[in-house]
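Q: One letter stands for each residue in the lines below.
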Amino acid sequence: MNDDIILNKISGDYEWGFTTDIDMETLPKGLNEDVIKFISRKKNEPAFMLEWRLKAYKHWLTLEEPDWANIHHPPINYQDVIYYAAPKTEKKLNSLEELDPKIKETYEKLGIPLVEQQFLAGVAVDAVMDSVSVITTYREKLSDLGIIFCSISEAVKEHPELVKKYLGSVVPYSDNFFATLNSAVFSDGSFVYIPKGVRCPMELSTYFRINAANTGQFERTLIIADEGAYVSYLEGCTAPMRDENQLHAAVVELIALDNAEIKYSTVQNWYPGDKDGKGGIYNFVTKRGICGENAKISWTQVETGSAITWKYPSVILKGDNSIGEFYSVALTNNYQQADTGTKMIHIGKNTKSRIVSKGISAGFSQNSYRGLVRVGKNAVNARNFSQCDSLLMGDKCGAHTFPYFDIKNKKATVEHEATTSKIGEDIIFYCNQRGISEEDAVALIVNGYAKEVLNQLPMEFAVEAQKLLAISLEGSVG
Amino acid sequence: MLSIKNLKAKIEEKEILKGINLEVKPGEVHAIMGPNGSGKSTLASVLTGREGYEVTGGEVIYDGKNLLELSAEDRSREGIFLAFQYPIEIPGVTTTNFMKTALNEIRKSKGQPPMTAGEFLKRLKDKAALVELDPEMTKRYVNVGFSGGEKKRNEIFQMAMLEPKLGILDETDSGLDIDALRIVANGVNKLRNKDNAFIVITHYQRLLDYIVPDFVHVLYKGRIVKSGTKELALQLEDEGYDWIKEEVAS
Ligand SMILES: Nc1ncnc2c1ncn2[C@@H]1O[C@H](COP(=O)(O)OP(=O)(O)OP(=O)(O)O)[C@@H](O)[C@H]1O
Ligand SMILES: [Mg+2]
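Respectively, the protein sequence lines represent chains A and B. Under this note's numbering, the first sequence has 58 at position 58, and the numbering climbs by one with no breaks. Under this note's numbering, the second sequence has 230 at position 230, and the numbering climbs by one with no breaks.
Careful: at least some of the hints might be erroneous.
[As the list claims (entries may be wrong)] Simulated crosslink set (DSSO-like; lysine-lysine; CA at most 27 angstroms straight-line):
{"no.": "1", "chain 1": "B", "residue 1": "LYS100", "chain 2": "A", "residue 2": "LYS422"}
{"no.": "2", "chain 1": "B", "residue 1": "LYS125", "chain 2": "A", "residue 2": "LYS451"}
{"no.": "3", "chain 1": "B", "residue 1": "LYS125", "chain 2": "A", "residue 2": "LYS467"}
{"no.": "4", "chain 1": "B", "residue 1": "LYS100", "chain 2": "B", "residue 2": "LYS125"}
{"no.": "5", "chain 1": "A", "residue 1": "LYS451", "chain 2": "B", "residue 2": "LYS190"}
{"no.": "6", "chain 1": "A", "residue 1": "LYS451", "chain 2": "A", "residue 2": "LYS196"}
{"no.": "7", "chain 1": "B", "residue 1": "LYS190", "chain 2": "B", "residue 2": "LYS125"}
[To be verified] Chain B is nowhere near these chain A residues, computed Cβ spacing over 12 angstroms in every case:
{"no.": "8", "residue": "SER143"}
{"no.": "9", "residue": "TYR230"}
{"no.": "10", "residue": "LYS358"}
{"no.": "11", "residue": "GLY363"}
{"no.": "12", "residue": "ASP426"}
{"no.": "13", "residue": "GLN433"}
{"no.": "14", "residue": "GLY435"}
{"no.": "15", "residue": "GLU438"}
{"no.": "16", "residue": "ASP440"}
{"no.": "17", "residue": "ALA443"}
{"no.": "18", "residue": "LYS451"}
[As the list claims (entries may be wrong)] In silico contact screen, one side only, chain B against chain A (beta carbon under 10 angstroms); selected entries:
{"no.": "19", "residue": "SER3"}
{"no.": "20", "residue": "SER76"}
{"no.": "21", "residue": "GLN85"}
{"no.": "22", "residue": "ALA102"}
{"no.": "23", "residue": "TYR241"}
These are computed hints drawn from the structure, not numbers from a lab. All residues carry an ideal CB built from backbone N, CA and C; glycine is no exception.
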């Protein structure tokens, strides 16, 4: 048994905490124009991309880190971060055989189906290790349908017209401190384009893995569903256990044109830090989608990892009759902090949104829901329903809800419900008395509580997510 | 089946059980009565392995095993069931799902496979009928939003589902209306057989008209100070506890 696996067994809690020893090319710490030029050159980007990055960088220099969220951390030194790290494979991979066996092994350990033979799994995967997309599977089968599924760096080169048109169209480079930083230095990520009227026949999935130490991860994902298209997209993430905090600032943009539908599911399991709150990922993510007429965007997230989560997947309901959904389970344990929620921006007529947020707090953690429902003055008959529930395990953790409403149309209907429940020693004993162990009791309760959200996930993912919730809460009551 | 010898237990440095002796044989029903705060629920908690109690003396042998060494869930799996004085609400978990999990955990501990869906549903229906519980109730979250009486009835339903060897009923009668009392008592009587036993904690003789006990014990200040047959319950109903308190004092 190698050391990583043993270490992993001892700590018991975070199964994904191993590191992979591969040859890496890394830049020295720090950020300046040269770093951005280096990244752009490294990726052979066209000039427009570099210009955009530099514009973002200049703007970023004028911004301050936001401080309105209910999270607390020592100041982040942005000059102490490495902005580029990549496995040292220069040439482009044509097949899985060419993939570094160590990288392949990493993904196998993580249970990610990179091997195309696992066709039955029906999932096409883009695997991103540190800053670089290492392999994308099933491309040929997808391209028969005109579907583009590749890394964003490839898209920049091979589909510049699409990238130019849509990159930054939902989250502009000037959007917020973290999105702006991402725009300047984003390293890789996934790109999806589904042509008019095409239903993507399989789940598309990106698996993000941070491996290198002291490295920031800045992925950028761009998904475009053209008129009448449909796609379901999954995102998973893990990282090694490290004592220092690592920065992750991603941006995801979704564009659902008229009559299109995008379903975006995340199981976020970045390393959360240890029992005393040491280490863990700082996760500052901007996710937003825009809907054309009759379009639908649905965000589902299961957030169990990261020391800090700052994330508000949102939908701009621009087209008439469009629908936005947000289903979330955010679990915090030990000293984790999460400030997460959504924004539903109703612009078009008859637009509908649904928010289901389930917070689970354990240990000494702090878990906040922050959500905005905005109804513009032309959004006649807009409807929103929000359900925000909190589940507390023990009495040293905190749950908070910050719902904001900004309603400018009198013909809108907005409903908000909230509940708080607590799992204490008495519930656990009651379950024990019926022959159910503490571990099974917690799993039973949490899965029941989170069911409405888990049901939104594709089958295999839902099973994984259930297990993840149970593991993340082991020993958290009593 | 159950042999309690000189059991002493304390909670938060306060001694509550001060030397309990009790022998329960298969097929028997024992009633335990006694004033508020005398330690009846504490005894039930200690027998079922609730945390927070420190056993400071004595022993409990159940089916030849040292009961106090077993975890709470193992005691349940060995056939001990407690109908709680204050049943707990479990949000997000339906009674059906709760019972399915419980039954299968108990079966697993005995090396048995999980029940098939058909077997389970049949048992659910039969037992609901036994305690005249509307099967729709089992689709609701465990005890959430139930009235006091409904919660008590749900406890007996769960007991029927799990078919324990030793059932401990802690004031199951309080909060039940007359009809419910009769129904619940009938349910218990139907579960009675020569292999199982019940300990029925109650304040009211009325319940014992329905569930006729073989023995009645009075628990007072952490000790069983008087034992007798069902006539003792009648006498307590008439005269209260003063005469017992005096006997103990003298
Ligand atoms: N957690 C606790 N901390 C301190 N004292 C406790 C605790 N739990 C129980 N007690 C005390 O132990 C004593 C016995 O309580 P118990 O609940 O066993 O009484 P009981 O006989 O069941 O009473 P009742 O008839 O009212 O149900 C009481 O004085 C009670 O206040
Ligand atoms: Mg009591």
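Q: For which of the previously enumerated hints does the structure constitute a violation, in increasing order of number?
A: 3, 5, 6, 10, 12, 13, 14, 15, 16, 17, 18, 19, 21 and 23
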